[in-house]
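Chain by chain, the residues:
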Amino acid sequence: MNLIAPLCAAGFFASGVLSDPVSVTHYLVVGAILFTSGVVCMAVKRNALGILMGIELVLNGANVNFIAFGSPYLRGEGSASIGLDGEAIALFVILLAAAEAAVALAITLNFYNNHSTVDIDEADDLQG
Amino acid sequence: MMGTLLGDSTATLGMVLLAAINWHSLLFYLFAAAACACAVAVVLTDNVVRMAFYLVLSLGATAGIFFLAGADFVGAMQLMIYVGGTLVLLVFGVMLTAQAPFVSIRTPASDKVLGGIVGAALLMVLVLSAFSVESWRRPAMGLVAAPSATPLGMAFLGVRVDDDPLAAPAVDSIRSGYLLPFEIVSVHLLVVLVGAAYLARAKRRRIPRGIETAGADAAATGGRS
Amino acid sequence: MADFLITTVGLPEWLAWTLTASVAAFLVLNVIAGGALVFIWAERKIAARIQDRLGPTRTGGRFGWLQSLADGIKLLAKEDLMPDGADGMLFRLAPYVSFCASFCAFIALPFAFDFVGQRLNVGVFFVVAVLGLEVFGVILAGYASASKWSLFGAMREAAQVVSYEVPLGMCVVVPVMLAGSMDLITIAEKQAGWFINWYLFHDPFTFVIFWVYVTCAVASVNRAPFDLAEAESELVAGFHTEYSGLRWSFFFMAEYGSMYLVSALAAILFMGGWNGPIPVATLLGLSEGTGDTANYFVRLAGCANLMGKSTLGVLVMMWVRWTLPRLRIDQVMTTCLKYCTPIAAFMFAGVMFWQLLLPGGVIRGLSRPAGEIREGWLEGPGGQTAVSGPVPQVSQVRP
Chain D
1 MNLIAPLCAA GFFASGVLSD PVSVTHYLVV GAILFTSGVV CMAVKRNALG
51 ILMGIELVLN GANVNFIAFG SPYLRGEGSA SIGLDGEAIA LFVILLAAAE
101 AAVALAITLN FYNNHSTVDI DEADDLQG
Chain S
1 MMGTLLGDST ATLGMVLLAA INWHSLLFYL FAAAACACAV AVVLTDNVVR
51 MAFYLVLSLG ATAGIFFLAG ADFVGAMQLM IYVGGTLVLL VFGVMLTAQA
101 PFVSIRTPAS DKVLGGIVGA ALLMVLVLSA FSVESWRRPA MGLVAAPSAT
151 PLGMAFLGVR VDDDPLAAPA VDSIRSGYLL PFEIVSVHLL VVLVGAAYLA
201 RAKRRRIPRG IETAGADAAA TGGRS
Chain Z
1 MADFLITTVG LPEWLAWTLT ASVAAFLVLN VIAGGALVFI WAERKIAARI
51 QDRLGPTRTG GRFGWLQSLA DGIKLLAKED LMPDGADGML FRLAPYVSFC
101 ASFCAFIALP FAFDFVGQRL NVGVFFVVAV LGLEVFGVIL AGYASASKWS
151 LFGAMREAAQ VVSYEVPLGM CVVVPVMLAG SMDLITIAEK QAGWFINWYL
201 FHDPFTFVIF WVYVTCAVAS VNRAPFDLAE AESELVAGFH TEYSGLRWSF
251 FFMAEYGSMY LVSALAAILF MGGWNGPIPV ATLLGLSEGT GDTANYFVRL
301 AGCANLMGKS TLGVLVMMWV RWTLPRLRID QVMTTCLKYC TPIAAFMFAG
351 VMFWQLLLPG GVIRGLSRPA GEIREGWLEG PGGQTAVSGP VPQVSQVRP
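So the sequence lines, in the order shown, correspond to chains D, S and Z. For the first sequence, position 104 matches number 104 in this note's numbering, and the numbering has no gaps at all. For the second sequence, position 113 matches number 113 in this note's numbering, and the numbering has no gaps at all. For the third sequence, position 155 matches number 155 in this note's numbering, and the numbering has no gaps at all.
Any given hint could be a false lead.
[Unchecked claim] To give an idea of the chain S side of the interface with chain D (calculated C-beta under 7 Å), a few residues:
hint, residue
1, Trp23
2, Leu27
3, Gly85
4, Leu89
5, Val94
6, Lys112
7, Ala155
8, Leu199
Everything labelled a hint here was simulated from the structure, so no lab data went into it. Here the structure is a predicted model, which is why all the values come from computation and not from measurement. Positions of the beta carbon are idealized from the N, C-alpha and C atoms, including for glycine.
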């Protein structure tokens with residue numbers, strides 16, 4: 001039982017996972033997981049603030065991708081990169097996400113003030 | 001016998017540890033695991049306050065990933081604006097609306113299953129496309145200069161001072177500054193500030209619908225008698 | 001130090017870096033923990049003297065030196081309570097979130113020319129950003145305590161810290177503008193020499209900005225007169241009412257760590273950092289260069305200099321705490337939004353025009369033709385070692 005952990009760790013080290021440098025693909029996978037979590041969060045949550053959190057996760061996943069493509073540390077020979085543009089785009093995404101979160105939160109608070117709930121299933125006043 | 005087995009395994013572990021660990025990779029895996037685990041936890045938790053907390057951890061780990069990719073300025077901005085601003089706003093919203101019945105609003109299981117299937121399909125598509133381009137899988141060799149925020153600052157003033165030897169020729173020819181988007185975003189933030197403050201101003205809260213109809217009935221019956 | 005371990009002792013590279021990082025982390029942890037010990041004793045003594053009494057006089061001799069140690073032992077031995085309706089995981093995690101934010105900001109804080117955890121090009125920005133993360137521990141603590149007084153205290157404190165980040169950011173940008181870099185080491189090195197080189201005395205606008213920074217920094221770390229989040233007379237103890245023992249001491253260490261951090265930041269940004277009022281090393285003829293023993297002691301003296309200035313800042317904060325009455329929450333917000341922010345904005349514009357018309361400070365600026373642009377503004381990437389024209393260098397060699 002207590003041999004499994006060190007043997008796993010040894011296997012991990014021996015296979016070279018931890019000694020190989022990471023590439024753009026690793027970052028893209030992380031971005032994909034963040035993006036998918038955000039999408040599922042937006043789809044599944046009933047709390048309006050939960051949906052907002054999903055939006056933040058989605059934008060963060062996209063940011064990770066942009067940073068990966070623009071990073072000077074991850075480029076090997078022959079791989080195209082977008083250099084400084086990646087960082088600049090990520091900065092604009094952060095700014096716009098902050099602005100959009102502020103407006104969305106204002107709308108949510110307005111909704112809460114009018115209906116005393118944040119459950120979006122209750123937002124059916126315009127329903128046929 | 002167990003003792004010698006333990007001794008052998010620790011000796012092997014020690015010898016393996018003597019091989020060089022690439023700290024950049026190790027830290028990347030740590031931060032990536034933290035970010036992904038917390039993002040998945042946001043989806044799986046029902047308690048909205050815990051969701052906010054896991055989101056804070058996830059975005060903080062993402063800032064660490066940004067630092068590891070050499071985007072120091074973006075990492076610091078992520079911490080300051082996203083985690084220290086947007087998420088504080090979100091947490092304020094959570095606190096304002098986290099009355100006891102709303103702290104955990106449950107979704108029916110069928111919706112969760114459907115969401116899970118869609119999410120899994122999307123994840124598969126994205127991961128497959130991440131592994132599809134060969135040039136993305138070749139990692140960098142050798143060291144580069146320490147990151148500096150000066151090129152980014154100058155780019156926001158409209159002057160591109162970065163000379164990128166590895167940039168693709170098509171990208172190299174259309175390098176423009178970011179002055180106009182910078183100004184537009186500044187005005188945009190001002191508009192958002194005014195708009196959000198107006199939208200969220202304190203108004204007299206209406207009574208909820210259930211009590212309202214009961215009150216109308218009581219008023220109607222009370223009025224007649 | 002890592003190079004020494006690799007070349008002399010012959011350790012493998014990763015092990016050398018791990019050891020160096022551990023030693024650096026241990027040193028910073030000692031600064032916070034040891035500092036907290038000393039500051040708690042100092043606070044009790046200062047408070048006592050201001051209130052015309054004596055303070056601790058029994059533990060460890062006539063001056064009560066070991067009082068903090070006794071307090072620490074008492075805190076360790078206290079019962080570990082958690083209120084009934086509290087959210088267990090969040091309640092336990094909140095002190096560590098606060099302490100981590102305070103501790104992480106020390107990563108980028110330099111103590112002397114090369115005594116820094118990680119030399120970040122965006123050092124100033126990073127420190128201010130991480131300082132703002134401490135508020136999460138407070139909010140979590142207030143919410144997870146399942147008590148409405150804790151929640152009120154936490155929300156007040158969060159609103160205060162977040163509001164004061166705006167003028168704090170503007171105050172911090174002024175030395176960045178004067179130095180042309182966000183690197184804390186560069187900012188401090190540009191103030192080398194006599195004390196008239198300090199940005200504090202650079203122009204009247206920066207002088208005013210310094211005092212606005214002091215106000216915002218005190219509000220940011222929730223020290224009196226801005227400490228209504230922990231107002232004993234109203235909220236018992238605010239967000240940390242339900243915390244006792246070791247958990248409470250983590251909040252405490254986070255608060256003292258933050259106080260030390262903003263004082264050190266003020267010293268580096270405005271008061272020359274490790275460059276003293278008198279450039280002793282230059283007067284003695286010691287030159288800079290890595291690897292020299294005398295140079296190491298020069299840097300050690302610089303480190304002591306910075307720590308002295310930060311301690312002075314912390315003592316001033318304590319002095320103000322026991323002298324001024326506490327502000328109400330509406331007064332706190334008024335001070336931030338109606339006074340600090342406009343003043344900081346106007347002073348920022350003033351410094352900008354001063355730099356354009358009279359670069360390099362009062363005396364040097366007046367003797368210079370108008371409109372000269374500092375070469376430092378056009379440094380290329382990685383140009384943090386480039387020296388710009390108008391800042392005088394008192395004949396010292398910097399690597």
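Going down the list of hints, with the structure as the test:
{"no.": "1", "hint": "Trp23", "in the structure": "violated, 9 Å"}
{"no.": "2", "hint": "Leu27", "in the structure": "violated, 10 Å"}
{"no.": "3", "hint": "Gly85", "in the structure": "holds, 6 Å"}
{"no.": "4", "hint": "Leu89", "in the structure": "holds, 6 Å"}
{"no.": "5", "hint": "Val94", "in the structure": "holds, 5 Å"}
{"no.": "6", "hint": "Lys112", "in the structure": "holds, 6 Å"}
{"no.": "7", "hint": "Ala155", "in the structure": "holds, 6 Å"}
{"no.": "8", "hint": "Leu199", "in the structure": "holds, 4 Å"}
Violated hints, listed in ascending order, are 1 and 2; each of the other numbered hints is respected by the structure.
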